[in-house]
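Asks: Residue numbers for the sequence shown follow full-length UniProt numbering, so the first one is 1 and each next one is one higher.
Note that these hints are calculated values from the structure, not bench results.
We put the beta carbon where it would ideally sit given N, CA and C, even for glycine.
A hint or two may mislead.
[Claimed, not checked] Distance ranges between label pairs, derived from CB positions:
(1) 49 with 88: 55 to 61 Å
(2) 70 with 49: 29 to 35 Å
(3) 37 with 65: 40 to 46 Å
(4) 66 with 40: 37 to 43 Å
(5) 80 with 59: 27 to 33 Å
(6) 25 with 46: 29 to 35 Å
(7) 78 with 50: 37 to 43 Å
(8) 41 with 73: 45 to 51 Å
(9) 65 with 25: 56 to 62 Å
(10) 32 with 65: 44 to 50 Å
(11) 67 with 34: 45 to 51 Å
(12) 70 with 47: 30 to 36 Å
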Amino acid sequence: MNEPASSSSLTGKQRRRGSLSDDDEDEDDDGKKRKDLKGIITSLSLLEDQEREDSRERETAAIEERQLLETNYRKKTRAMVLLQITIQMFAS
Numbered sequence: 001m002n003e004p005a006s007s008s009s010l011t012g013k014q015r016r017r018g019s020l021s022d023d024d025e026d027e028d029d030d031g032k033k034r035k036d037l038k039g040i041i042t043s044l045s046l047l048e049d050q051e052r053e054d055s056r057e058r059e060t061a062a063i064e065e066r067q068l069l070e071t072n073y074r075k076k077t078r079a080m081v082l083l084q085i086t087i088q089m090f091a092s
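Could you put together the complete structure from these sequences and hints?
Replies: The following block contains the structure:
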């Protein structure tokens, strides 16, 4: 009678093994979650770095465009002044 009861119930060692398996699964889940979280954080960091780089490139492009516009404006102004001087010289 003792034998069927003991064979159907788990021994202390078997229960501990079962609980270790559950703990191992929890640790595996935690490890996977941590790995996934590290991946997400890394991705966010890379996205932030890319955004900063894009922002610097846009700022540089805007500065270059403004300098080009200013240069063209100065050239246009000089050309108009030279034209006005030339017209005045021929008119006199």
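Asks: Look at each hint and say if it fits the structure.
Replies: Results for each hint:
no.	hint	verdict
1	49 with 88: 55 to 61 Å	holds (59 Å)
2	70 with 49: 29 to 35 Å	holds (32 Å)
3	37 with 65: 40 to 46 Å	holds (42 Å)
4	66 with 40: 37 to 43 Å	holds (39 Å)
5	80 with 59: 27 to 33 Å	holds (32 Å)
6	25 with 46: 29 to 35 Å	holds (31 Å)
7	78 with 50: 37 to 43 Å	holds (42 Å)
8	41 with 73: 45 to 51 Å	holds (48 Å)
9	65 with 25: 56 to 62 Å	holds (59 Å)
10	32 with 65: 44 to 50 Å	holds (49 Å)
11	67 with 34: 45 to 51 Å	holds (49 Å)
12	70 with 47: 30 to 36 Å	holds (35 Å)
Hint compliance for this structure: every hint is met.
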